[in-house]
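J.: For reference, the chains in residue letters:
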Amino acid sequence: EAGVAQSPRYKIIEKRQSVAFWCNPISGHATLYWYQQILGQGPKLLIQFQNNGVVDDSQLPKDRFSAERLKGVDSTLKIQPAKLEDSAVYLCASSSTTGVNSPLHFGNGTRLTVT
Amino acid sequence: AQSVTQPDIHITVSEGASLELRCNYSYGATPYLFWYVQSPGQGLQLLLKYFSGDTLVQGIKGFEAEFKRSQSSFNLRKPSVHWSDAAEYFCAVGPEPTSYGKLTFGQGTILTVHP
Chain F
1 EAGVAQSPRY KIIEKRQSVA FWCNPISGHA TLYWYQQILG QGPKLLIQFQ
51 NNGVVDDSQL PKDRFSAERL KGVDSTLKIQ PAKLEDSAVY LCASSSTTGV
101 NSPLHFGNGT RLTVT
Chain W
1 AQSVTQPDIH ITVSEGASLE LRCNYSYGAT PYLFWYVQSP GQGLQLLLKY
51 FSGDTLVQGI KGFEAEFKRS QSSFNLRKPS VHWSDAAEYF CAVGPEPTSY
101 GKLTFGQGTI LTVHP
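Chains F and W supply the protein sequences, listed in that same order. Numbering follows the numbering used here, in which position 81 of the first sequence is assigned residue number 81; successive positions increment by one, without gaps. Numbering follows the numbering used here, in which position 91 of the second sequence is assigned residue number 91; successive positions increment by one, without gaps.
Treat the hints with caution; some may be incorrect.
Stated by the list, open to error - Simulated crosslink set (SDA-like; lysine to any residue; CA at most 20 angstroms straight-line): (1) W:K102 to F:Q41; (2) F:K83 to F:L46; (3) F:K62 to F:A88; (4) W:K102 to F:K83; (5) W:K102 to F:F65; (6) F:K78 to F:S102.
For the record, the hints were derived by calculation from the structure and aren't laboratory data.
Here chain W stands alone, though its shape is the one from the complex (with noise of 0.2 angstroms):
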């Protein structure tokens, strides 16, 4: 069965920093891979996905995320944070591009930024 693990539940960066979020999956097939954000009473918000092709993608607010299949790692990038980007970050895998509701979520990243 797929899985996806999101080893820090917790981290903090000051506003300007450069951020990364680790992401690793175990899936026996080519994954599709997801990073979504969840600020505080909302729904989540589709950052970046990977498909194929390149394995660096661009997603919206400047984040980026690398697909590493050698580690099963699919970490999620920003050069410099900014205060409105703490919020809750989930990966997901799922087993299909057609199945797009069928994901399996990390059980999340919370990002604290500091002034």
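The shape of chain F in the complex, shown without the other chains (with noise of 0.2 angstroms):
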């Protein structure tokens, strides 16, 4: 099977600057989720989506960061305005459920370098 896409693979922008990255998890599956990786710590859970709705956003900073999972699909997240902090990896991943026997297949990631 396909596995999970991240587009683009690396994005360099200055601050101020808006961004968005796109995923296409594995078709059928009903949970995606959205991971911000900064260097040197474990990816930090941003979003998670069942179908596409919202299940959890409790860590995204809503006053820049937003993420849309149109048709229950593929997903966008967007960065508006960028600050240097927001340099990281941004990984999606998905999995067919959040029962115990689905587990998460990660993308490879989008880097972002803010400037």
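Using the hints, put the two chains back together into the complex; each one sits in its own frame.
T.: The following block contains the structure:
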């Protein structure tokens, strides 16, 4: 099966600019997650979708970050305006459900550098 | 709040030597524990998980981990390391098995393997 696809792989922007990341999960996977991985740290969950509804966005900085998953398939994560501290790898993951036999499948991530 | 500590930021071993990566967690209830591996430029891959039952769990690629409640630890081991095992390893804890994506990750341990 095809894996989780993310684009772009790399992005360099200046602070205060906006940026968007795209994720296409594994076909049929109902649950989609966006993680932020800052250099030297473990991934941190930003938002979780179940189909096209938000399940958990408690750690999403909503003043600048937004995410959507229209039609319950692919998803976009946007940052506007970006800050220096947003430099990180943004990982998308999906799972068929949220059950015990539904492990996460991660994409390769988008590396964002904010200058 | 739950937390995960990986005391070793960087470990170097020789190929063929044994390996143990440490993980300590803090969680008020029964933890659900995971180990993930991340190769450079790649997403995370699940090595193994512990939910209940036998405290010694086997994973992929010859890895195993032992859950020790008294020590709040979930250390990862491999009897003989291969050069391809060089990567970053993350321990993670979740509140319940249905919250596969709502994981708290440690900061990671980078493994270097010398030939």
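J.: Run every hint past the structure and note whether it holds.
T.: We went through each hint and held it up to the structure:
{"no.": "1", "hint": "W:K102 to F:Q41", "in the structure": "holds, 16 angstroms"}
{"no.": "2", "hint": "F:K83 to F:L46", "in the structure": "holds, 16 angstroms"}
{"no.": "3", "hint": "F:K62 to F:A88", "in the structure": "holds, 17 angstroms"}
{"no.": "4", "hint": "W:K102 to F:K83", "in the structure": "violated, 25 angstroms"}
{"no.": "5", "hint": "W:K102 to F:F65", "in the structure": "holds, 19 angstroms"}
{"no.": "6", "hint": "F:K78 to F:S102", "in the structure": "violated, 27 angstroms"}
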